[in-house]
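2 protein chains.
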Amino acid sequence: MTAAGATADIVLADWGTTSLRAWALDRQGNLLDERRSDSGMGTLSRDQYAPELQRHLSVMGVPDETPVLICGMAGAAQGWQEAPYIEAPTDFAALADGAITIAGQAHVGQAHVGQTRDIRILPGIAQRDSARPDVMRGEETILHGLVCNGVQDGTVCLPGTHSKWADIAGGRLDGFRTMMTGEMFALLGDRSILRHTVMSGGWSDDDFITAVGEAHADPSRALAGLFGLRAGPLLFGDAVPHGASRLSGLMIGAEIASCLHSDGKPLHLAATGKMAAHYAKALTGLGIGFDMVDAELAVRTGLFDIASILWPERIPQRPQGGTTE
Amino acid sequence: MTAAGATADIVLADWGTTSLRAWALDRQGNLLDERRSDSGMGTLSRDQYAPELQRHLSVMGVPDETPVLICGMAGAAQGWQEAPYIEAPTDFAALADGAITIAGQAHVGQAHVGQTRDIRILPGIAQRDSARPDVMRGEETILHGLVCNGVQDGTVCLPGTHSKWADIAGGRLDGFRTMMTGEMFALLGDRSILRHTVMSGGWSDDDFITAVGEAHADPSRALAGLFGLRAGPLLFGDAVPHGASRLSGLMIGAEIASCLHSDGKPLHLAATGKMAAHYAKALTGLGIGFDMVDAELAVRTGLFDIASILWPERIPQRPQGGTTE
Numbered sequence: 001m002t003a004a005g006a007t008a009d010i011v012l013a014d015w016g017t018t019s020l021r022a023w024a025l026d027r028q029g030n031l032l033d034e035r036r037s038d039s040g041m042g043t044l045s046r047d048q049y050a051p052e053l054q055r056h057l058s059v060m061g062v063p064d065e066t067p068v069l070i071c072g073m074a075g076a077a078q079g080w081q082e083a084p085y086i087e088a089p090t091d092f093a094a095l096a097d098g099a100i101t102i103a104g105q106a107h108v109g110q111a112h113v114g115q116t117r118d119i120r121i122l123p124g125i126a127q128r129d130s131a132r133p134d135v136m137r138g139e140e141t142i143l144h145g146l147v148c149n150g151v152q153d154g155t156v157c158l159p160g161t162h163s164k165w166a167d168i169a170g171g172r173l174d175g176f177r178t179m180m181t182g183e184m185f186a187l188l189g190d191r192s193i194l195r196h197t198v199m200s201g202g203w204s205d206d207d208f209i210t211a212v213g214e215a216h217a218d219p220s221r222a223l224a225g226l227f228g229l230r231a232g233p234l235l236f237g238d239a240v241p242h243g244a245s246r247l248s249g250l251m252i253g254a255e256i257a258s259c260l261h262s263d264g265k266p267l268h269l270a271a272t273g274k275m276a277a278h279y280a281k282a283l284t285g286l287g288i289g290f291d292m293v294d295a296e297l298a299v300r301t302g303l304f305d306i307a308s309i310l311w312p313e314r315i316p317q318r319p320q321g322g323t324t325e
Numbered sequence: 001m002t003a004a005g006a007t008a009d010i011v012l013a014d015w016g017t018t019s020l021r022a023w024a025l026d027r028q029g030n031l032l033d034e035r036r037s038d039s040g041m042g043t044l045s046r047d048q049y050a051p052e053l054q055r056h057l058s059v060m061g062v063p064d065e066t067p068v069l070i071c072g073m074a075g076a077a078q079g080w081q082e083a084p085y086i087e088a089p090t091d092f093a094a095l096a097d098g099a100i101t102i103a104g105q106a107h108v109g110q111a112h113v114g115q116t117r118d119i120r121i122l123p124g125i126a127q128r129d130s131a132r133p134d135v136m137r138g139e140e141t142i143l144h145g146l147v148c149n150g151v152q153d154g155t156v157c158l159p160g161t162h163s164k165w166a167d168i169a170g171g172r173l174d175g176f177r178t179m180m181t182g183e184m185f186a187l188l189g190d191r192s193i194l195r196h197t198v199m200s201g202g203w204s205d206d207d208f209i210t211a212v213g214e215a216h217a218d219p220s221r222a223l224a225g226l227f228g229l230r231a232g233p234l235l236f237g238d239a240v241p242h243g244a245s246r247l248s249g250l251m252i253g254a255e256i257a258s259c260l261h262s263d264g265k266p267l268h269l270a271a272t273g274k275m276a277a278h279y280a281k282a283l284t285g286l287g288i289g290f291d292m293v294d295a296e297l298a299v300r301t302g303l304f305d306i307a308s309i310l311w312p313e314r315i316p317q318r319p320q321g322g323t324t325e
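Protein chains in written order, with the working numbering: chain A, 1 to 325; chain B, 1 to 325.
Keep in mind the hints are simulated off the structure, nothing from the lab. Virtual Cβ for every residue (Gly too), placed ideally from N, Cα, C. Mixed in with the good hints, there may be bad ones.
To be verified - Incomplete in silico selection of chain B near chain A, CB under 8 Å:
1) S58
2) V59
3) R132
4) V135
Looking at chain A on its own, in the form it has when it is part of the complex (with noise of 0.2 Å):
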């Protein structure tokens, strides 16, 4: 029996601070075979990229002459190797442009040195504007996946440890501004004095509901509203809101209050798992219309399009602004 990988004309890659996830694909785009490990560049030192890689590509039985193509923090100064920011604004097309190519892994015109494979990384994207400076890494490719399936204008809300925020404008991206919402969540719940109330006893959607409107009609409650997720449950004990609902509904209300524009633009939520319920939840409670996109789907069509510009030879081109076959 063959490795499903074994026909792959290309692997993409989504390598981020605490996962990879790669994908092999053939020249239509097919998901033929998908690998996923909790090596990120957290735990990964610079020598320990390559193998990692190729321990998957062994596993799915991709040739050696399959290229790999990867986005997010294994293209930063202190990841595999430094894939320099293109800035802001700026269409996606210029991904392509800046990626760059794994040293030792090079070829030579569009033939391969022995049996080295071609490993190109995306850069990241940076807005270089002294008022409000701002860095992704992985979020751009996602958001040029959107651009891909049709989306040419209106904001992208991109939720995580640090969520971002992108106006999309004629299919390019015109600036973006990022909330350290996951993180200030799992800080205040794990290491501060609101780790003994907040993370013991359930969840609830109400609590959750009712902390984002507040939040939301007044952002300065996000930090002032903090200290009574310590102080209702010492003084009311088990008759106040469930503690994590509150402390994440806060920073939430706050995120959305501070990043979405109301220029009446189309809303789109990029997320999965249990932040996309999360966000789509407080956006609702709100009454924030929004279209839901799968971010890994977003970001493998994103992936696969600017492949389809570094190796034409290898992935036919689709034709921009459409939908997916």
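Position chain B against the provided structure of chain A, taking the given hints into account.
Leaving out everything else, chain B in the frame of chain A:
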């Protein structure tokens, strides 16, 4: 040579989470001796309080019959012995009624049993309001000290790990609110992704005051401006503002915006050391008038006054509302 504390009529102590400060005074309130240590609720088990206190009393030569009055976290449920909260709104004389006597140190009537010392701990104050639940332990005694020194109406800012803002009306505590400003600064500066960029480099008063102004004008900046403290140095290197100054300014500016009512009442800043200097700069930068109160002197004044209520045979009561001799 006799130890300075041998003639002490009273020992006062502020025993918090991270430190103990104890003062031996005569009946007129003159300071005879003092002791400081880093042994607070955070490091002491319940049975370590008595020997720790006695160690300091012995060094000062305080006689066994001299009583001790304590305020602060030593009276918390997880401290030496719980002194249950009294409830706001309240006058400060109620602190005397709420004082507890350390078990095993009890006196019968006015007669001491054997050599056991009369040791009492003051209660904290709870705001049992489900919309703004709050608690304090230690700060109430500073506030009482201000009232003893003539403050009848106004707002008092008590900066710290958990800053308290109190409303005093007619010499009573009307209400209060807590901001986790100091803890938030420490969490973000030491444990978040900002630690790499925030804690390197020096301090700039100008950058601090600019950030105070930004967050005071728009408290949502306190969260929305955080990631820029990482992205700025990544993109602009040393040409960006000093991170710690900006982080501190964002937190303090948001605190002042959230906690200071614009009711025109006088503002009193009760603090010591670096904290006093930072908040004074922030308020001055915002053009907000205030008077500065030494929080350590105020807590002694408050403790001494309560001691005169609890032990009238030892300490003659002073007229209320006047100035100290």
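Quick one: which hint numbers does this structure break? Sort them smallest to largest.
1 and 2
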